[in-house]
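Chains as they are written, first to last, in the working numbering: chain E, 1 to 224; chain P, 1 to 191.
Please keep in mind that the hints were generated in silico from the structure rather than gathered at the bench. Because the structure is a prediction, the values reported are computed rather than measured. Don't take every hint at face value.
To be verified - When the alpha-carbon atoms are kept at most 16 Å apart in a straight line, the in silico EDC-like pairs for lysine to aspartate or glutamate are as follows:
no., chain 1, residue 1, chain 2, residue 2
1, P, 183, P, 97
2, E, 66, P, 3
3, E, 61, P, 156
4, P, 26, E, 84
5, P, 120, P, 97
6, E, 66, E, 116
7, P, 139, P, 156
8, P, 59, P, 35
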Amino acid sequence: MNRLWKEFSKGLWTDLPPFKLVLGLCPTLAVTNTANNGLGMGAAVIFVLTLSNLMISLLRKIIPAKVRIVCFIAISASLVVAVELLMQAFAYPLYQQLGIFVPLIVVNCIILGRAEAFASKNPPLLSIADGLGMGLGFTLSLTFLGALRELLGTGMIFGVNVAWEGFEPIGIMVQAPGAFVSLGVLLCIMTFVENVRRKRRGLAAVQGPTHDCGACGGCGHKNC
Amino acid sequence: MKEMMKMMIVLSLICGIAGVTLAALKQVTAPIIEEQVLTYVQAPAIESVLADYDNNPIKDRKKFDVDGSTVTVFPALKEGRLTGVAFETAGKGYGGDIGVMVGFDIQAMNLTGIGITTLKETPGLGARVAEHGYATQFKGHPLESVDLKKNGGDIEAVAGATISSTGTVIAVRRAISIFNALKDKLAGGWS
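Just chain P, with the same shape it has in the complex (with noise of 0.2 Å):
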């Protein structure tokens, strides 16, 4: 009795003792890791899908909160006026959520196009989606009608990859209803 008393005792000690250090850790670097992912993992795709700004998307983001959830929105500031804004979506792929950045034009009011930020899809088949030819269809591409080719739309999915394609279709539809309802919020400028 006395053995299995000491037992319980050591082995909760060490795991209560390890989940509170833990915990306190996690705290710390939160914000630390948070500016890391930004800096690796979605700057890349800001710079590829934000065209003529000067300003730096990353320092100015803001959140903003669209039904009930919040996006983080980048800015493209050129002189101090908002040019185009760029968040993340994601849709579902074949091998788990792809993450899209998705730009946008605001004066022009159209897409400035797509970089993917997370992607597990099969390498060479549905991985293809964050290739140039299929990624480009998006460039200038009106808000309206997003859609693969097979759908009625006009963009061109990658062959063999049409759960991969739908994804990121479905991710930059998302993008765009979230920015139809940003749309008015953005109007009186960034700041």
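The shape of chain E in the complex, shown without the other chains (with noise of 0.2 Å):
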């Protein structure tokens, strides 16, 4: 039980899929202009990621290693058009909003990353609490990037208008650049957040991309 609760508890925090781990961002920058899209994406990667990380743990015996790749993007595939048409069947407004990005959960990283990094090496039970506790984190980050970028782009979460008399909507931002704003933005609070957490446990803070000056000559940076 306290495994699977860790397995669960990891999306959700220090794992969080597009904040920490900073994989499954075009759906994140994409889809996110309003709260209720977020939430839609983000259900639909749940699905697929549970049912995903549970079939593939239970193949994972059979599924050779030579062609695992092959076999984890074909189970993910067709559980990706199986959402596809049950949304086109039952939630078709959601569809018409979130159009392409529907089909492109496939490629979503999350989706191979989780299978190949967890799912194919663990049995289904905790495959399924990591799917789950990923695809929520996936969920609330997503949820909430949206209900951000629509606050401040229309006034509004989830379509009911919450801002105060003569609040001027910053249109942008429920634009593509609007995105990238936000999440950079998110990113550096989360950061700053889990900075002061290590420096309170006398650990050593985030570590940012290292300078790489392998292929370049000159380029000017401190350290070359």
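Assembly of the complex is requested from the two constituent chains, each provided in isolation within its own frame, with the hints serving as guidance.
Here you go:
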């Protein structure tokens, strides 16, 4: 039980997909112009991720190592097509909003990443917990980002007006540049919070990307 | 050799099972999806082109065969009498096919208007064919000589969007030729 909770909860903070692992950024940037879209996309990912983790975990002893990637993709692609059909049948307005990004869940790194890194090495129950946790973390992140952008861009959250009178919406926040700006600010805040936490426990701060001078000569960086 | 066989069998099995499952799912959802598309894509367009009816055009739709292709016709009935019909045609635009719902008045034998259903034109340019100023030119237009002004007709093209304007005009002309072929079948009333 303890182990289950551990696998489930790591997706909610320590390995939070878009903000900590920085995986699955394509849908994170593209569909989060409203909270509702973020939530819908997240729900689709939870469904695909949990089921693909379960199936891959069940088949992990049958799938030959040399063709495992093809098998993983075949399984997740089938699940995505199933989601697309079900969404068209039962949530058409959401499908109209998400459009091309639904089939693109196939190439979402989180799906293949969890299959390769976790489900193919762990028993089914743990894999389900991992998929649910990661999916839920992804959904919460997307919903939060969507709500933030919707609030700043239109003054609404989930289509309900929450802004005070005289609030001037920043139109660019619901367009592509707003996605990059808000994601960057959120990543910055997340790292700051993590650093404060680590400092309190006496750990070293989060390492930024190291400067690699392997490919360039004389780029002017102080480490070169 | 044995490893190779195993790879082939496992991969084929996975793909086979996936294929069969998806085919079954597609079959189950197809009628529901058709209903959803009608409600969310075509219903708003139908409402905008048909006026003066007291039935549900989507529920009363019927399929007709015209020149080898099937057309779904949505009727406007007033007290059981057929007053108009609407159906969808498409013309080539700049970013793909433009779907146009065209409405006809049976009594006056003219167009009651057009509504755009599928549109992938450039926003702010070609996409303006869906706007009021352009689309209303078709309202009450006779069935003859629907053409852009530069071709001798009386439809003012959207400035800077000749391809998109031509696409809609072609779709409307297609609809008119289908309507002319359907006229006799419709004369006997609906049902």
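Which of the listed hints are broken here? 1 and 3
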